[in-house]
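*Asks:* Make the full structure from the sequences, and use the hints.
Read off the chains here:
Protein chains: 2
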Amino acid sequence: MKPNNMLKNDLFLKALKGETVTRPPVWMMRQAGRYLPDFMKIKAKYDFFTRCQTPELATEITIMPIDQVGPDAAILFCDILVVLQAMQIPVEMRDGTGPWIPNPIRSVQDVEKIIIPNINEHLGYVMDAIKMTTKELNHRVPLIGFAGSPWTLLCYAVQGKGSRTFDKAKEFCFSQPQAAHTLLQKITDTTIAYLKEKIKSGVHVVQLFDSWGGILSPEDYQLFSWNYLQQIVTALKDHAPVIVFGKGCWFALNEMGRSGASAIGVDWTCSARNARYLSGGQITLQGNFDPTRLLSPIPEIKSSVHKMINEFGKDKYIVNLGHGILPNIPVDHAKAFVDAVKEYSV
Amino acid sequence: MKPNNMLKNDLFLKALKGETVTRPPVWMMRQAGRYLPDFMKIKAKYDFFTRCQTPELATEITIMPIDQVGPDAAILFCDILVVLQAMQIPVEMRDGTGPWIPNPIRSVQDVEKIIIPNINEHLGYVMDAIKMTTKELNHRVPLIGFAGSPWTLLCYAVQGKGSRTFDKAKEFCFSQPQAAHTLLQKITDTTIAYLKEKIKSGVHVVQLFDSWGGILSPEDYQLFSWNYLQQIVTALKDHAPVIVFGKGCWFALNEMGRSGASAIGVDWTCSARNARYLSGGQITLQGNFDPTRLLSPIPEIKSSVHKMINEFGKDKYIVNLGHGILPNIPVDHAKAFVDAVKEYSV
Chain A
22 MKPNNMLKND LFLKALKGET VTRPPVWMMR QAGRYLPDFM KIKAKYDFFT RCQTPELATE
82 ITIMPIDQVG PDAAILFCDI LVVLQAMQIP VEMRDGTGPW IPNPIRSVQD VEKIIIPNIN
142 EHLGYVMDAI KMTTKELNHR VPLIGFAGSP WTLLCYAVQG KGSRTFDKAK EFCFSQPQAA
202 HTLLQKITDT TIAYLKEKIK SGVHVVQLFD SWGGILSPED YQLFSWNYLQ QIVTALKDHA
262 PVIVFGKGCW FALNEMGRSG ASAIGVDWTC SARNARYLSG GQITLQGNFD PTRLLSPIPE
322 IKSSVHKMIN EFGKDKYIVN LGHGILPNIP VDHAKAFVDA VKEYSV
Chain B
22 MKPNNMLKND LFLKALKGET VTRPPVWMMR QAGRYLPDFM KIKAKYDFFT RCQTPELATE
82 ITIMPIDQVG PDAAILFCDI LVVLQAMQIP VEMRDGTGPW IPNPIRSVQD VEKIIIPNIN
142 EHLGYVMDAI KMTTKELNHR VPLIGFAGSP WTLLCYAVQG KGSRTFDKAK EFCFSQPQAA
202 HTLLQKITDT TIAYLKEKIK SGVHVVQLFD SWGGILSPED YQLFSWNYLQ QIVTALKDHA
262 PVIVFGKGCW FALNEMGRSG ASAIGVDWTC SARNARYLSG GQITLQGNFD PTRLLSPIPE
322 IKSSVHKMIN EFGKDKYIVN LGHGILPNIP VDHAKAFVDA VKEYSV
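Those protein sequence lines, which keep their order, are chains A and B.
The opening position of the first sequence corresponds to residue 22 in this note's numbering, with each subsequent residue numbered one higher.
The opening position of the second sequence corresponds to residue 22 in this note's numbering, with each subsequent residue numbered one higher.
Just so you know, not all the hints are guaranteed correct.
Identical copies go unnamed one by one, so any copy, or any two together, can satisfy a pair.
Derived DSS-like pairs: lysine-lysine, alpha-carbon spacing no greater than 25 Å straight-line [to be verified]:
1. K66 <-> K335
2. K268 <-> K182
3. K217 <-> K323
4. K189 <-> K268
5. K258 <-> K64
6. K363 <-> K64
7. K363 <-> K328
I should point out that these hints are in silico values taken from the structure, not numbers from a laboratory.
From a predicted model like this one, the values you see are computed outputs, not experimental measurements.
*Replies:* So this is what it looks like as structure tokens:
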């Protein structure tokens, strides 16, 4: 791994290494997003994938919360579905509906047609955005790059859109397991190449989002999700610290704790005590404030954050939400969340 | 509790008492539903609430899976939202959208207007359906009556429709907690009266569905869901066995195990081992086959069911799905699930 001694704020990297800190670092999933009025102005002018694909816009959006809310890490504005696009599976973002895949994957033939892309050819714009953001950040805080888990990407590729149950995706896996595994391996190989290139371009840390892991039984999770996530962690862990976040994946915390990842993200259904116990007690944990709880009055947010830090402990801990921040959160509530961490003292 | 010595098949009641059985009983959540072609014929002719409110139709639908699939218990066809309707909160069922509340509850004033209804006046049709079904069943299997948890009903009453995050319902609770608690108490009082009347009318067992408990943190679950569920269990447990099922509520299995309920339903993210451990190891468990796994080939369904029984153990166990059966499950796959249990031998 590269030395990061240029960084003015290395709290996040210290927590990922398990080093003792004066206070835990804090950032928020989706911190560069729709609760920020200035983001909404950009959103009104440019469509979703234009924002992702234009390095100037991605940079501006990524840095916005650093200036306005003050977290200890930046996360590059992008989307997990750009990996499917690079694999020549067209993805649209529709207002109201969300992700939309006009030709969902449903057969062995569909899977066979899918390519493992040349990353710089198809995702060069992400690398340009990383370089531009790194320059603009000017060593203020580290930069995180992210990718979806192969299982989560399969969910969208097969279902064709968001879903509560992803029944078509699960049907595909359970009735055509071989086709599913071929698809998962292609996504895995692409993701490894993609994240390696991101690290080369300048991200300090990578986070893997398994947004839909929690709809599988522990056994099916192992088969269809974890096997592939583990490959990615193994391939990347010597290049940069890896954070694995699986929404609803409390039942897999043990595997995650032994995976070689630097940290595990947990959602708010998992108490600090359960998270430490289930993950083996050694690994750095990240989470887990209920994003809706940011609608509580500010004094209540602050006391809840302090209580949460006391429960997780200040070391081997990264303060975050248990999922992405919601569009209806007032900016001063988001800022209160971050400030509460900065005001924390043992 | 009433003696049930007239029942020809009392396997389900034995398992609820924790008695030793030759094989565990089996039924399926939503077993009277859209995967049955004969149900679809009734659905084509009568709208959703007409089916609930017409005792002849509810009886026919309830008995259909007993004749066609053969589970060890019947569950009265109805809906959790009839309780809101009885409280004079209009609820519609819209094709494609699902439940629709034209005037969602959003303020103290809204809550104050809500009545605690006279059960026989507003839900008499449910009691008629129970009496008719009991007669038609002719002691073949016991009959289950159900209700939603107060929290889950609040979710719909406030959000106004189904949702992945029920953000408006949570916002209501976190910003107007007193109004939320008044509403939850009114729903609780209504539910207790409703279920007592159901037991008087002839159901042998009641099941409480906390479909949306899993979106709360353990602490908020205690505050906004469990406190009210516990009141219901306490009020009913001496009248009939109570089953509590909370989707995604693995973190509350300990409270549930100590609540006085006769059994706890678990979803498929919770392994048998975790479920026994978290619930304290004494209480009867019910679950937890992933409904989508009924799309697997029949021999695989059968071997997975046998494996599941071996993992839970044949005693203090009721075989079920981990959530409702899906509309796209072939009837012979549902039947294979039930048959696999009947073919089970130690």
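*Asks:* Hint by hint, note whether the structure agrees.
*Replies:* Here is how each hint holds up against the structure:
1. K66 <-> K335: Neither. Shortest intra-copy (41 Å) and inter-copy (62 Å) distances fail the 25 Å Cα cut-off.
2. K268 <-> K182: both (18 Å within a copy, 23 Å between copies)
3. K217 <-> K323: For K217 and K323, neither the intra-copy (38 Å) nor the inter-copy (44 Å) Cα distance is at most 25 Å.
4. K189 <-> K268: Both: 20 Å inside a chain and 21 Å across chains, each within 25 Å.
5. K258 <-> K64: neither (35 Å within a copy, 55 Å between copies)
6. K363 <-> K64: Result: close neither inside a copy nor across copies, 30 Å intra and 58 Å inter.
7. K363 <-> K328: within (14 Å within a copy, 51 Å between copies)
In terms of the numbered hints stated before, the structure departs from hints 1, 3, 5, 6, listed from lowest to highest.
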